[in-house]
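Residue numbers (our numbering), protein chains in the order written: chain A, 57 to 242; chain B, 2 to 241; chain C, 54 to 426.
Bear in mind the hints are in silico, worked out from the structure with no lab data behind them.
Treat the hints with care, since some could be wrong.
Said to hold, decoys possible - Here are the simulated DSS-like pairs of lysine-lysine, each with C-alpha atoms no more than 30 Å apart in a straight line: (1) A:167 to A:139; (2) C:373 to B:186; (3) B:108 to B:132; (4) B:90 to B:108; (5) C:79 to C:268; (6) A:79 to C:373; (7) A:139 to C:267; (8) B:235 to A:79; (9) C:373 to C:267; (10) A:79 to C:268; (11) B:235 to C:79; (12) B:212 to B:132; (13) C:267 to C:79; (14) C:373 to C:268; (15) B:235 to C:373; (16) A:79 to C:79; (17) B:90 to B:132.
As the list claims (entries may be wrong) - To give a feel for the contact side, a few chain B residues facing chain A, derived at Cβ under 7 Å: (18) 99; (19) 223; (20) 225; (21) 232.
Stated by the list, open to error - Counterexamples of contact, computed for chain B against chain C with all Cβ distances above 10 Å: (22) 28; (23) 36; (24) 59; (25) 80; (26) 87; (27) 98; (28) 145; (29) 154; (30) 185; (31) 206; (32) 211; (33) 237.
The C-beta atom is built at its ideal place from N, Cα and C for all residues, glycine as well.
Chain residues, written in single-letter form:
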Amino acid sequence: MANAAAHAVEDGVEAPAKRDFLKILTVSAGAVALGATAWPFIDALNPTTAELAVSNPIIEVGGIAPNTGLRVMWLGQPIYIRKLTPQQIADNQAVVPSSLPDPADYTDRVKPGYESFVVVVGLNTGISCELLGNSPTDPRGPLDGWTCPCDGSIYDPLGRVRSGPAPKNLAIPRFTFLNATQIQLG
Amino acid sequence: MKLGISAAALLAAFLAFGSAAYAEDTLSPLHWQSQGTFGSYDQAALQRGFLVYQTACASCHSANALHYRDLTALGLTTEQVADITASIKLDNRPATLDDRLISALPKSQAAAAFGGAVPPDLSNIVAARPKGTEYIYNLLTGYQAPPADVTLMAKHYYNAAYPGNQIAMPAPLTDNAVTYADGTKATTAQEASDVAAFLTWASDPNLDARKQIGLRAVIFLIFLTLLAIATKRKIWRDVA
Amino acid sequence: MSDQTKSWLDSRLPLAACFRAQVCDKPLPANRPYLSALGTLITGTLIFLMLSGAVLSAYYVASDHGAYNSIQFIMRNVNDGWLIRSFHATGTTMLFAAVYLAIFHALITGAYRLPGELVWGLKLAFLLLMMLVGYLGYAMQDGAVSHWSLHDVTLAGAGLSSFPGNISNWVLGGPAGHGTLGHVAMMHGLLTFIALGVLVLHYYAKQAVAPVAKKTVPLHPYYTSHHFVAVSVYVLLFAVLVFFAPHLGENPLNAAPANPLLVPAVMTPPWYLLPAAAVTHALPGTEGGIVAFFAAFAVLFAMPWLDRSDPRSEPGFLYKLLVVILGLDVIALGMTAAAGPSTINAILMIIFIGWYFLHFLVLTPLVTARESK
């Protein structure tokens, strides 16, 4: 360093230990201040209260009569909630999964303890049309489930694809049962 | 350095004292606890103020930026707020926690009812008027008989606090317009003071957090500044 | 990092060594005042404003109907949104305070004289840019006052549309003004980056003409610890304002949403634009206002040549006194703008503006020529 010689003062005059302590304290206090200032910038990018209010809605399902369904919009997608009749449950428990285009057991499609409720995203898995069959007056297809008005795919009441161009079973959204009459999405 | 530390301790003691000086909103002297440099909201006054707003103002004015769920900040539990919303009807259904505080009167009808004057949204009214809290109080208690030399415009009332003194809003408060659950006497002045406190909160709901964080930040930064000065002096000691 | 990797890295990419040589060991005069930290403070604040502005822009909606409500959303629903906005607003206040102080300091010490004329010009360019950025940010709020202020400026802009290529349309988005806020937001951000570039130029220009010091100390640890004191005091002041006076120098009426049917009687801008606002009211008409505004800046730019003294001499007492009076004059001018229109105010305004031009065009040449004899 050519300039170093020009410096009137050089480092290391002070007893090192004492100076270090004060320096470390000052630098760490500065780092704390910097960190505390940075936090609100990051926190502001977390979901807002308004966002949270719509992203985890609680839905009343106690009032759904057997063989009827509910349609709610959640994050831009139609969510179908259907309550099955004992007959539908028995019929579908008897189906052998390996005989299906997209094999799935009854227990894969429902939550333990709440076997009569089916919760699915109501969009066909082939071309993405909204399915018919949530209300009893809609065409439900031969299996009493859902049908696609666009490509003719047929689903059973558990949302498993049974025939038609669609390759996959209906998607199941993230949700939990809070109690026997309420579910929370997300 | 020593002097600095004792100065910081003194300041901290002063701050603690300053914030404890007033424990609630009072009418005489007219004082809102939130107005001191370190003052926070008087939650009992805010709850009374919401009752006044809901009973005497909401028929004409909205507070659109607020949701009912925000009322938990007044010290109410979610269940208590849910009880309140259940009793408020919007378009033939009860309000929910996620509804905004809208007014019962659509804008077009309001303009017709008050000769073109539209009742403004009250969410931000305290921030939007110089000395907003006092102004609301003075406005609501400022209705008088007009002086002899003043001719009132049609559908206008004389108000000492309103700029120009002629306002299209009829006096909204009377004694006992509400019944307070905490037994406070519902005089017009009391109602005005409480609703002014509520609207102050509506304009600045983060005041309590702001001052709390601020106090800690400032004390920490005083400490940091003292450290910085000490370090600098030590490093520069050898430079003549 | 082991010594081996360190020496490998140093031989391939000598960043650390370069940083040590260029920054840490940089020789600086041993007697600089705390005010020499102003450059650091201004640059730091500008970057802080860019960061807080970036976070705000995640939620701000630049449209006629969306702007006001999106700011309410930031204040009430975004996590710590009120704090970020307060950072942004108060940061602006701190920045202008520091810039005005730097300009005043350069005036009173005669630092604008040759060979400092380019440094001085870049300082003024930065102030000019920040005034534009500050105004645009104020307009972005679309409050009851700033809405109408922007409306007036838009009309003035329409009057200037004879400029080649329709400059005003590019800036304002067309005569109906539906796209205006979007354009305003874009300019607000873009000009900030240009201002940062001006700061960089200012830094190097200042290096080029810095006098050779007799006695120097290395930047680190001497000026790092020195500036750390200045930064701590500045941040302390900043925090007091953020948490205890978040709306300092703002016009409360602007906190209400814009009312398209109600033009406010007094359009008071934020404090840092008050003197400039007064100057734009000095000549009749919006075009007159623009001419007056640029004339006020022109005399500042001309200072290196209006000053007749020997650049190496210390400014005289009378000159310094006049600069202090000028500072008070500018503050008083701002106060007349805040007070709103009245006959006395209009007269005072003319007097204060008259003194401003008198100071630069007559008093400065006379006094500096006499005092340097």
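Practice problem: Against the structure, test the hints numbered earlier, and report the numbers of the ones violated in rising order. | Solution: The structure breaks hints 2, 6, 7, 15, 17, 19, 31, 32, 33; every other hint is satisfied.
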